[in-house]
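Asks: In case you want the letters, here they are:
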Amino acid sequence: MSVIQIDQVSRWYGNVVAVNDVTMTIGPGVTGLLGPNGAGKSTLITMMAGFLPPSTGTVTLDGVPVWQNQAAYRHIGLVPETEAVYDTLTGAQFVRANAELQGLSNPAAAATAAISTVELTDAAKRRISTYSKGMKQRIKMAAALVHEPSVLLLDEPFNGMDPRQRLHLMDLLRKIGADGRTVLFSSHILEEVQQVATHIEVVISGRHAASGDYRAIRTLMTDRPVLYRLRSSDDRRLASALIADPCTSGADLAAGALQVQVADFERFSRIVPALARDLGIRLLEVAPTDESLESVFSYLVGRR
Amino acid sequence: MNVTIARLTMSTLFGHRRGLLLFILPAVLLVLCVLLALTVDDTADFSTALLQMFGLAVIVPLVSLLAATGALASEIDDGSIVYLLSKPIKRSTIIVTKALVAVAVIIVLAAVPMVIAGLILDFGDPQTALAFGAGTLVAGIAYTAIFTALSVMSGNAVTIGLIYALLWEGVMGQYVGGAKALSVQQWSLAVVQHLTDAPHVKSDVKLPIALILLVAVTLVGITLAISRLRSLVLSTAE
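Chains as they are written, first to last, in the numbering used here: chain A, 1 to 304; chain B, 1001 to 1238.
No lab work stands behind these hints: they were computed from the structure.
Note that CB positions come from ideal geometry on N, CA and C, so glycine has one too.
Every clue listed holds true.
If you anchor each label on the Cβ, the simulated ranges turn out as follows: (1) A:Asn15 / B:Leu1035: 56 to 62 Å; (2) A:Pro163 / B:Arg1230: 40 to 46 Å; (3) A:Arg126 / B:Asp1041: 53 to 59 Å.
Generate the whole structure from the sequences, applying the supplied hints.
Replies: Pasting the structure below:
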C-alpha cells in the first residue's frame, strides 16, 4: 500500500506555469489524471516519477521525496509516454534487462511472469522494432511491472492503441488496482478514464480542478447548470412551479417529459420534493440527463 | 560497472546505422596508410606526421565522439535513458559503465587500428606504432570524459562535440600556439613522444603537465557527468 502525496506543488518553466499550486493524494486503486492536452498532466507525472523537481512544494512517496531518490524506484513502475525503447532487443531481452537493473534475485522468472501478465508471450522472442504501437505499450508495461511495484505510473498509456488493446489494458489496470496497488494514469480522453478509474483527478491549465469519482466531481459543481428530466403526475404544473424558483433557469415540456435546466443543484434537490408535496403532484422520475464525464469536463474547461 | 547497462549500451551503439560510422573512420585511416605504403617508397619521413595529424588529431576525437555520445547522448535524446534512470541504480554506475564501454570501443576501433596503421607505414618500427596506440588510449579516455559530460549537459552534444573535435582538436590544436597547450591531442602526443624515439614526434606540452591535465580533464568530466545526471530533468511532452 503506497501513497503519493503532492503538496502545494507548482512548476514553472521560465515564465510559463505548467502546474499551479496543486495538492492531491493518490492512494491504492486506479486513479485517472484527466485533463486536456497541455494541462500539466505530464509535468505532474514526471514529478511523481522523480524526473523533475517541483519549483515549490513537495512530491513524496510514502512520506519520502522522490526527486533524487533512486531507492524510490524499487516501489515505482513507470510507463513513460516516450516510444523509444531499446528496440534492437527482443521483448524478452528488454524486460529481462529491466529485471536485472532492478536487482531482482531471479530476473528470468520475473521477466517471464511480467510478459505473460501483458499477454505478449508469443511475441517475446521478436525484436521490439517489429512490434506494433500497442505491443510496444505492452512490453513497456511488462518492463514496469517486472519488479511488482506498489505504484504504477502511466503517461497516456492508451495513445495509439486499437480498441481491443485498449480493453485489454483497461482490464489489466483494473486488476492491478484491485490488488491494492496504486495506479495512476493520465489521459485526455474522458471515456477511458471513466471506464477504468475508481477515482479521478481533473487538471485544467495547470490547476487542480476537481477530485473524486466522476459523480462526486459532478456533485461538487453545484453551480453547474445541469439538465434534469422529471416525470410526474402533472408535468405542466410542476414546470410552472419550478420555473418560478431561482434554482432553475429554464424548463421544456416538448420532449414528452419535463426537462429542467438546474442552476443551483443544492436548492433544486431540496425544493423538488417539497414542491411536489405541496402541489399534490406525484414524482415518477427525477434524473440528470447527462451523467457523462464529458459534460462535467466541458463545463470545467468552459468555466476557466 | 554494471553488465546489464553495458549490454544495453552496446545494443544502442551498434544496433543502429550510426554504428557503421564507427567502423568507417578507422577503415579510412587504414586504407589511406595502405595506399601510401604502396605508392611511396620511403614512408619514414611522414609516417609519424600522418599518424599525428590525421590519426591523433582527426580520427581519434571523431571515434571518441561517436562512441561516447552514442553511448549516452543518443539515449538521452530519444528518452530511452528513462529505463536506466527509473531503477535503484547509482547514477555514478550508469556514467562509469557507459564511459567504460566507450573506452572499450575506442580501444578496438581507434587504438588497435592506430597500431596497425603504424605498422603498415613502417613495419620496422613497432615501438612507434605501439606508442601511438598508447597515445590514442589516453586521448580516448580524456575525450570520453569530455563527451560524456557534454552528453548530459547539452541536447546538442553531437554538434558541439563535432565543432570542438574538428576545430579545436583538428585545427587549433595543431597550428595555433596557445591552443596547443590546451588540446587533448597535444597532451596525448606528449605521451607518444615519451614512448618513442621517432625524430618528428614533438609535443608542445611537457609530459608531467600533459599527464596531470589528462587526469584532471577525465576526473572533472566524469564527475560533472555524474552530478548532472543525478539532476537530469526529463523533458515532458507538454
